[in-house]
Amino acid sequence: MNAEELYEMLRKAQEPQGYFFNQDKIKVLELLEGLLVNKARYGYMSCPCRLAAADRDWDRDIICPCIYREPDVAQYGSCFCNLYVSRQWNDGALPHTYVPERRPVEKILGPD
Amino acid sequence: MPMPDKTDVTLYALSTCIHCKNTKEFLTQCGVGYHCIDVDTLEAPDRKKILQEIKAINPECSFPTLVVGDKVIVGFKKEEIQELLNL
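Going down the list, the sequences are from chains R and Z.
Going by my numbering, the first residue of the first sequence is number 1, and it counts up by one from there.
Going by my numbering, the first residue of the second sequence is number 1, and it counts up by one from there.
Excised from the complex, chain R in its bound form (with noise of 0.2 Å):
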């Protein structure tokens, strides 16, 4: 699969939830493109924007669309990679701000 055939089927599968592409069609391919490289290195979607431990157990909550993701949404008006958003982020209704990072440093720091 590529970038653009992930493009299409997440987006079918997503946007019925209300959560939209980045209308920055160039970044989010590229961002698609992070994703497949996670999914060939540890064989599974792991954010591209953050650093997996190669478990799929432990990281279980970046497996994308993360956990993070409708609290980010929901606070934002985009996820942590600015993948996904809402319609008002994308209308730019919402300012395009930073969002922190959510995922506790201990998860990041990996297992022992």
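If you are wondering where the hints come from, they were derived from the structure by calculation, not from laboratory data.
Take these hints with a grain of salt, some might be off.
Stated by the list, open to error - Taking lysine-lysine pairs in the DSS-like style, the calculated list, with each CA pair at most 25 Å apart, reads:
#1 K27/R <-> K49/Z
#2 K107/R <-> K39/R
#3 K78/Z <-> K25/R
#4 K39/R <-> K48/Z
#5 K27/R <-> K78/Z
#6 K48/Z <-> K71/Z
#7 K39/R <-> K78/Z
#8 K24/Z <-> K48/Z
Since the model is a prediction, treat every value here as computed from it, not as a measurement.
Please build the complex by placing chain Z on the supplied structure of chain R, with the hints as guidance.
The following block gives chain Z in isolation, referenced to the frame of chain R:
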């Protein structure tokens, strides 16, 4: 004020991260030399060591983390980078 050289600017990044990529492109466009560490490409012992380094300067340990001297910018924050580097 002279432009900081590569030895002053360190970017802790991920090779797949869009905010990291934006930061790299911006620094390059501005002619700022920097030392880049793509942490996701490191093997286990080096990775642990670098993560501890990042945690000491950015307790969230998130990416990108840009270090200029004793100043730290977390995330791709263009205006803050411009201000810090006098761009």
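Against the structure, the hints come out as follows:
Between K27/R and K49/Z, the direct Cα distance comes to roughly 31 Å. Violation of the 25 Å bound is thereby established for this hinted pair. For a cut-off of 25 Å, the pair hint linking K107/R to K39/R stands: about 19 Å separates their Cα positions. Restraint check: the Cα-Cα separation between K78/Z and K25/R comes to about 21 Å, which is no more than 25 Å; the hinted pair holds. Between K39/R and K48/Z the alpha-carbon distance is near 22 Å, which keeps this suggested pair within the 25 Å criterion.
In summary, the hint linking K27/R to K78/Z is supported, as the alpha carbons are separated by about 17 Å, within the 25 Å threshold. Distance restraint check for K48/Z and K71/Z: the Cα-Cα separation of roughly 22 Å lies within the 25 Å cut-off, and the hinted pair is therefore satisfied. Only pairs whose Cα atoms come within 25 Å are accepted, and K39/R paired with K78/Z is rejected, the gap being roughly 30 Å. A C-alpha spacing of about 23 Å is found between K24/Z and K48/Z, which places the hinted pair at or below 25 Å, so the restraint holds.
Checked against the numbered hints listed earlier, the structure breaks hints 1, 7; every other hint is satisfied.
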